[in-house]
Amino acid sequence: MLHVTNVTKRYGGKTVVDDVEFTLHETGCVALIGPNGAGKTTIMRMLTNSIKRTSGTFYLFGEKILDIRPFIGYLPQQPVFYPWMTAHSFLTHCAKLYRIPHSVANERMNELLATVDLYDVKHEQIRTYSGGMKQRLGIAQALFHRPKILLLDEPVSALDPLGRKQMLSLMMQLKSEMSILFSTHILNDAEQVSDAMILLQDGAVVEAGTMNDLREKYATAAIELHFSYDAGMYERKLQTAPFVKNTSLQENMLTVVVTDVELARQWILHICNTENWPLTTFAIKEASLEEMFMKVVERCNG
Amino acid sequence: MQWMTLFKKEMHEKWHNKMVIWFPLLFILLMIMDPLTYYFLPELMEVVGGVPDGAIFELPELTATEVIFISLEQMSFLGTITIALVTMGTIAGERKSGLLEMMLTKPIRSLHFITSKWILYVLLIVGAFFIGLLSSVYYVAILYEQLPHTAILQIFFFYSTWLIFVLSISLFYNSFIRTPGVVFACTIATLACLNLLNQLFGHILTMFPNQLSHHLEATLLTGTISRELIGTASVTTICSLLLVLLAAFLFEKSELI
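Top line first, the protein sequences correspond to chains A and B. The first sequence begins at 1 in the numbering used here and counts up by one. The second sequence begins at 1 in the numbering used here and counts up by one.
Isolated chain A (complex conformation) (with noise of 0.2 angstroms):
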């Protein structure tokens, strides 16, 4: 649905941001992933021309646009209202802005605010609010209009536990009805909720995918071991079997890494059965995001 190409950000002679270029399909969910100061922050705020972009152009539904804010509800990082609004007259004014009829806003609002749990403290002073509530008032006003495209810049970040699992469900759901991006320094959100991913580093993309290409482009075959004594023993026995990449020792816990996953279960479980290996735990790993971000990491590192 949008797409973005050749997205450059220059302050003075420094390059924040590198010729990056994505897609946004119409329902689904991507992820902006980079360590802090790759530039995350930036395309967001060029998507939503709070600054504007040196280069870059935006396509939506095949057709040149300059300004996509029409299309988007944004939720910056760290969400401002004023503060001697409620909940309820900061909505209001947002639907005024939106021109939503009157009826119309009255009951979106009210099936949101119960969505985002403000429903009750709808008549207090924002300046009240608590952070992961100013967080959830932020998503409000962000969907209020049905946007296309929401742009979430790290929306879990600040969140404690709870509102995080709440914040993350809420994006699964709403990930069916639109097209969502946010940003990220947590793979391990980004690997819950989200069906593609853009890796950034120094402010270019280093690699991009759905999760599933990416899983199998970086796939480890790593098989997990646990022991109850004497792991360094058995580590010693592993390395000389002729399809063991290489090993890594963490207390009892042994990370055997494969060329082949199938040979190497049946002769581990084999030699464990017939040696009497005091084994406790076999788990076949399936490669997570984290190292998959570091693989692309040392790559770019050279």
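Do not rely on the hints blindly, as some may be mistaken.
Stated by the list, open to error - So the derived list for chain A, only partly shown, Cβ under 7 angstroms to chain B, looks like this:
1) 50
2) 74
3) 79
4) 83
5) 84
6) 96
7) 122
Calculated from the structure, these hints are not laboratory results. The structure presented is a predicted model; accordingly, all values stated were derived computationally and were not measured. Where is the CB? At the ideal position from N, CA and C, for every residue including glycine.
Go by the hints and put chain B onto chain A.
Frame of chain A, contents of chain B only:
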């Protein structure tokens, strides 16, 4: 429609921070201070003491027009600073706090945004000035003499254009500077430069905004509105409008972070 929404928001904000109340009170204070102190100056000096025995002060007898003009001089100085202070964060503050980053993803036209703020401050300043002027006139009437109604209206009408001009300068700097303190400094520096220009070239630039009170005084003394006064007021108003348009343009072009 959208403009009204923005305007009402500004109105509510000024109501919530009680500016509607304290701003006119401040203007009343500024305007009545001088007529009162001048009238009671001999008594004040007696009370404070320090005057040697036998010393006699011959204070000039002031006319109502002269007293009201001392009041206006106070406005030109403290009133101007007050306007610059209360308006310095009207956009810059919202920009700095991050409010604009979120609000301006919503369909808000720059011109509406700027003019909604401008009109509200115009009403507030002009209103406060009117109340301040009336209280000053009231004390002048009690302590000195009654000022003619036409003179009051002339002062109100023409002097307001100067106050609006100060507001417009502040709004102009607000449109692209993100620190309220810097906006304030720029506004005051601009006014100081204009004042300097006026002193250097005032004899050529007869319709320079800073000439306004000079022409106004002449008009009040002669009783007929001079062409220079109308010209200066027009120039000042046109400058204000241009500054507002320029502010909307710069606001559109500037980054919101």
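Taking the earlier hints as the rules, which of them does this structure contradict? Numbers 4 and 7 - these are the hints that the structure violates, sorted from lowest upward.
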